[in-house]
Amino acid sequence: MRKMKCVALLMAMMIFTSTITYAAGFADVGGFEWAEGAIAEMDSRGFIKGYEGGIFKPSKELTRAELVTIINRMNGLTAKKDVTFSDLTESHWAYTEIEKALSKGYISGFPDNTFRPDQPVTREQFATIINNLYELDDGLQAGSITDGHLIAEWSKLAIERIMANGVMQGYPDGTFRSAGKITRAEGAVALYNLIKSGLKARETVGSGGAIGDDSNGESIPGTGISEEDQVIIDHLKSVVTKMKSRVIPILTTDLQVQSANIIIDSIELYIDDMDYDISGDVQEAKELGSRMTDEEKQTFKNAITGNILLKELVTLNNKFQLLEY
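Counting from 432, one number per residue, gives the positions in the sequence shown under this note's numbering.
No lab work stands behind these hints: they were computed from the structure.
Idealized CB from N, CA, C, for every residue including glycine.
Keep in mind that the hints are not guaranteed to be accurate.
[Said to hold, decoys possible] Pairs of lysine-lysine residues, derived as DSS-like cross-links and limited to a Cα-Cα distance of at most 25 Å, are as follows:
id, residue 1, residue 2
1, Lys732, Lys673
2, Lys631, Lys480
3, Lys587, Lys511
4, Lys612, Lys627
5, Lys668, Lys732
6, Lys668, Lys631
7, Lys717, Lys732
8, Lys668, Lys627
9, Lys491, Lys612
10, Lys587, Lys612
11, Lys732, Lys675
12, Lys491, Lys480
13, Lys627, Lys480
14, Lys480, Lys511
15, Lys732, Lys627
16, Lys631, Lys512
17, Lys631, Lys587
18, Lys673, Lys612
[What the hints assert, rightly or not] Computed beta-carbon distance windows for the label pairs:
id, residue 1, residue 2, range
19, Lys631, Gly484, 33 to 41 Å
20, Tyr707, Lys511, 49 to 57 Å
21, Arg476, Glu718, 31 to 39 Å
22, Gly536, Gln689, 26 to 34 Å
23, Asp549, His580, 27 to 35 Å
24, Gly477, Ala510, 18 to 26 Å
25, Thr545, Gly611, 17 to 25 Å
26, Gly605, Asp549, 42 to 50 Å
27, Lys732, Glu483, 29 to 37 Å
28, Gly507, Leu581, 34 to 42 Å
29, Ile679, Gln714, 17 to 25 Å
30, Ile679, Gly484, 40 to 48 Å
31, Gly484, Tyr707, 24 to 32 Å
Required output: the full structure, derived from the provided sequences and hints.
What follows is the structure in structure tokens.
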């Protein structure tokens with residue numbers, strides 16, 4: 432019941448944020464509405480580039496060379512390390528970027544002394560590379576994916592973490608398809624999710640972080656609150672703080688402000704008493720949302736997604752598996 436109430440509350444917040452239209456920066460991304468916004472944002476920040484003729488090739492498989500180039504740009508990496516791979520020469524367009532990636536240590540070559548720069552990246556390789564570089568939290572269990580039994584042991588923790596942090600998602604049929612190739616559109620979405628999450632790159636890259644905790648939901652000593660509930664409370668407290676300090680000050684209409692205040696008040700009551708019935712608040716927020724113009728809804732979305740960490744909302748979605756952002 433607590434989970435359903437919490438999700439309903441977040442649904443009230445996100446009801447205004449379901450649709451947004453982006454100007455097409457590339458001529459061939461019009462049919463990729465789910466990725467168009469991320470591609471536009473990554474392009475505007477200079478992290479990704481298209482091809483001659485103003486196209487992006489969203490369905491093309493993302494290569495190892497392309498991935499390290501984007502990651503390096505996102506993190507401003509400049510230090511380099513000499514490379515000695517048998518299949519890589521200075522004439523390759525990404526030679527310098529591969530030197531930077533190796534210097535940081537988030538990717539390596541293969542046992543046969545090759546790097547295979549033009550080889551497509553699989554979804555499990557992508558997850559592992561991101562987990563190597565970024566400080567990801569634990570959360571989701573691979574068993575909740577219908578094809579979790581097909582995930583290689585070496586990538587299981589990385590996939591659990593990358594989904595728990597909202598960087599990657601599974602497919603509508605419940606699969607993750609770890610061995611499948613990741614496309615340029617999918618890569619753009621995942622990397623933009625990474626930016627929105629506020630996750631930071633590790634200062635020192637090692638094995639990808641510690642093994643996840645095995646507390647099994649036990650109560651935190653001296654509080655009587657389970658670790659599971661404490662995560663929910665911490666995230667909601669952060670949402671309230673950011674709604675008050677960042678979101679409300681930039682809202683421009685009475686309907687937006689009223690809706691935000693209803694959500695804040697309801698979350699605060701829920702934090703104080705996790706058995707609090709928020710159904711009335713949800714209905715009131717929905718009613719206000721239905722009276723907003725499309726422009727009001729869009730600016731409300733921008734205010735929320737631009738100021739609240741994606742992880743704080745998506746962690747709850749992944750845990751309860753009831754929302755889809």
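Hint check:
Between Lys732 and Lys673 the alpha-carbon distance is near 14 Å, which keeps this suggested pair within the 25 Å criterion. Pair hint Lys631 plus Lys480 holds up; C-alpha atoms about 23 Å apart against a cutoff of 25 Å. This hinted pair does not check out: Lys587 and Lys511 have alpha carbons roughly 30 Å apart, beyond 25 Å. Only pairs whose Cα atoms come within 25 Å are accepted, and Lys612 paired with Lys627 is accepted, the gap being roughly 23 Å.
Of the supplied pair hints, the one linking Lys668 and Lys732 holds, its CA atoms being roughly 19 Å apart against a limit of 25 Å. As the CA atoms of Lys668 and Lys631 are separated by approximately 21 Å, the hinted pair is consistent with the 25 Å bound. Between Lys717 and Lys732 the CA atoms are separated by roughly 14 Å; this keeps the pair inside 25 Å, and the hint holds. For the proposed pair Lys668 and Lys627, the alpha carbon gap of about 19 Å is at most 25 Å, so the pair holds.
Of the pairs offered as hints, the one joining Lys491 and Lys612 holds, with about 10 Å between alpha carbons and a cut-off of 25 Å not exceeded. For a cut-off of 25 Å, the pair hint linking Lys587 to Lys612 stands: about 17 Å separates their Cα positions. As the CA atoms of Lys732 and Lys675 are separated by approximately 15 Å, the hinted pair is consistent with the 25 Å bound. Taken as a hint, the Lys491 and Lys480 pair is honoured in the structure, with Cα atoms around 13 Å apart against an allowance of 25 Å.
Straight-line distance between C-alpha atoms of Lys627 and Lys480 comes to about 20 Å, which keeps the hinted pair within the 25 Å bound. For the suggested pair Lys480 and Lys511, the alpha carbons sit about 22 Å apart, so the restraint of at most 25 Å is met. For the suggested pair Lys732 and Lys627, the alpha carbons sit about 13 Å apart, so the restraint of at most 25 Å is met. Restraint check for Lys631 and Lys512: satisfied, since their Cα atoms lie roughly 22 Å apart, inside the 25 Å limit.
The straight-line distance between the Cα atoms of Lys631 and Lys587 is roughly 21 Å, inside the 25 Å bound, and the hint therefore holds. Distance check on the hinted pair: Lys673 and Lys612 sit about 37 Å apart at the alpha-carbon level, beyond 25 Å; violated. In this structure the hint that Lys631 and Gly484 lie 33 to 41 Å apart at CB holds, the actual value being about 37 Å. With their beta carbons about 55 Å apart, Tyr707 and Lys511 fall inside the hinted range of 49 to 57 Å.
Between Arg476 and Glu718 the C-beta distance comes to about 37 Å, which sits within the given range of 31 to 39 Å. In this structure, Gly536 and Gln689 break the distance hint of 26 to 34 Å, their C-beta atoms being roughly 50 Å apart. Evaluation of the 27 to 35 Å hint for Asp549 and His580 yields a pass: the beta carbon distance comes to about 31 Å. Between Gly477 and Ala510, the C-beta spacing of about 20 Å keeps the proposed range 18 to 26 Å intact.
Look at Thr545 against Gly611: about 22 Å separates their beta carbons, and that is inside 17 to 25 Å. The hinted range of 42 to 50 Å is not satisfied by Gly605 and Asp549, whose Cβ atoms lie roughly 32 Å apart. Our hint of 29 to 37 Å for Lys732 and Glu483 holds, since their Cβ atoms are close to 34 Å apart. Range check, Gly507 to Leu581: about 36 Å between beta-carbon atoms, so the 34 to 42 Å window is met.
For the pair Ile679 and Gln714, the supplied restraint of 17 to 25 Å holds, since their beta-carbon distance comes to about 21 Å. In this structure the supplied range 40 to 48 Å holds for Ile679 paired with Gly484, their Cβ-Cβ distance being about 44 Å. Distance hint check for Gly484 and Tyr707: the Cβ-Cβ separation is about 56 Å, which falls outside the suggested range of 24 to 32 Å.
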